[in-house]
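Trainee: Protein chains in written order, with our numbering: chain L, 1 to 112; chain Y, 1 to 113.
Be a bit skeptical, because a hint or two may be false.
As the list claims (entries may be wrong) - Derived coverage of chain L by chain Y (criterion: at least 3 residues anywhere in the stretch with Cβ under 8 Å from a Cβ of chain Y; other residues may be distant):
#, segment
1, 40-46
2, 101-109
As the list claims (entries may be wrong) - With beta-carbon atoms standing in for the labels, derived distance ranges:
#, chain 1, residue 1, chain 2, residue 2, range
3, Y, Glu82, L, Thr26, 27 to 33 Å
4, Y, Asn59, L, Pro9, 21 to 27 Å
5, Y, Ala96, L, Asp59, 36 to 42 Å
6, L, Gly16, Y, Thr14, 45 to 51 Å
7, Y, Gly3, L, Ser109, 25 to 31 Å
8, Y, Gly84, L, Glu42, 32 to 38 Å
9, L, Asp94, Y, Phe60, 16 to 22 Å
10, Y, Gly28, L, Thr26, 33 to 39 Å
11, L, Ile53, Y, Arg63, 38 to 44 Å
12, L, Thr26, Y, Phe69, 33 to 39 Å
13, L, Lys68, Y, Glu82, 38 to 44 Å
Don't read these hints as lab results, they were simulated from the structure.
Cβ atoms here follow ideal geometry from the backbone N, Cα and C, with glycine treated the same way.
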Amino acid sequence: DQQVKQNSPSLSVQEGRISILNCDYTNSMFDYFLWYKKYPAEGPTFLISISSIKDKNEDGRFTVFLNKSAKHLSLHIVPSQPGDSAVYFCAARDNYGQNFVFGPGTRLSVLP
Amino acid sequence: KAGVTQTPRYLIKTRGQQVTLSCSPISGHRSVSWYQQTPGQGLQFLFEYFSETQRNKGNFPGRFSGRQFSNSRSEMNVSTLELGDSALYLCASSLAAGVNEQFFGPGTRLTVL
Numbered sequence: 001d002q003q004v005k006q007n008s009p010s011l012s013v014q015e016g017r018i019s020i021l022n023c024d025y026t027n028s029m030f031d032y033f034l035w036y037k038k039y040p041a042e043g044p045t046f047l048i049s050i051s052s053i054k055d056k057n058e059d060g061r062f063t064v065f066l067n068k069s070a071k072h073l074s075l076h077i078v079p080s081q082p083g084d085s086a087v088y089f090c091a092a093r094d095n096y097g098q099n100f101v102f103g104p105g106t107r108l109s110v111l112p
Numbered sequence: 001k002a003g004v005t006q007t008p009r010y011l012i013k014t015r016g017q018q019v020t021l022s023c024s025p026i027s028g029h030r031s032v033s034w035y036q037q038t039p040g041q042g043l044q045f046l047f048e049y050f051s052e053t054q055r056n057k058g059n060f061p062g063r064f065s066g067r068q069f070s071n072s073r074s075e076m077n078v079s080t081l082e083l084g085d086s087a088l089y090l091c092a093s094s095l096a097a098g099v100n101e102q103f104f105g106p107g108t109r110l111t112v113l
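Modelling step: build the complete structure from the supplied sequences, incorporating the hints.
Mentor: Structure below.
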């Protein structure tokens, strides 16, 4: 039973447009969420995070939105660039500071 | 500052064998976590070590074990390998247990034939 879901295995976006990656979770004890980006043959790299006390966190072109009532978060990339093409993982951590739970990932392709 | 290093990068084993993977965290980091990544499954948490103690364990059989040394380096062992153990094994380090930002190594690609 997946506690963190990323229902879109892949997404294609034109360069310069907005990329929106979605993530849903089932465990209401999760209180910290992170997005990681992974290129082939490399480990995931931390991108941006959000605490459950916030509903938005912005860092440059990347913005994460959290809707706690819907147990949904999304990552917006504006404008999308070809270098953003990677697999994006959503991860969550519960308020006991236990292990991270990762989603299965969404492969983003930004087309020039 | 050097990143997280994992050795070896690639391994091929046969069913029934055992394997040991190694992870060296970023200097100063004391927490090491291990993950298994398989196609379509995302990253599944194996265990976390902090100060040479296993702090948390995921839902994996006892064939998967690990340990951490006094210099924070960690090893993961899988005994009696099965075909389904073929995966990318990732190690991540963080300053301390419970710290939210983890830094991942490049992984060890294990193939079980």
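Trainee: Against each hint, give a clear statement of whether it holds in the structure.
Mentor: Hints, one by one, checked against the model:
no., hint, verdict
1, 40-46, "holds (count 6)"
2, 101-109, "holds (count 5)"
3, Y:Glu82 - L:Thr26: 27 to 33 Å, "29 Å, holds"
4, Y:Asn59 - L:Pro9: 21 to 27 Å, "23 Å, holds"
5, Y:Ala96 - L:Asp59: 36 to 42 Å, "23 Å, violated"
6, L:Gly16 - Y:Thr14: 45 to 51 Å, "50 Å, holds"
7, Y:Gly3 - L:Ser109: 25 to 31 Å, "26 Å, holds"
8, Y:Gly84 - L:Glu42: 32 to 38 Å, "24 Å, violated"
9, L:Asp94 - Y:Phe60: 16 to 22 Å, "19 Å, holds"
10, Y:Gly28 - L:Thr26: 33 to 39 Å, "35 Å, holds"
11, L:Ile53 - Y:Arg63: 38 to 44 Å, "40 Å, holds"
12, L:Thr26 - Y:Phe69: 33 to 39 Å, "37 Å, holds"
13, L:Lys68 - Y:Glu82: 38 to 44 Å, "40 Å, holds"
Checked against the numbered hints above, the structure violates hints 5 and 8; every other hint is satisfied.
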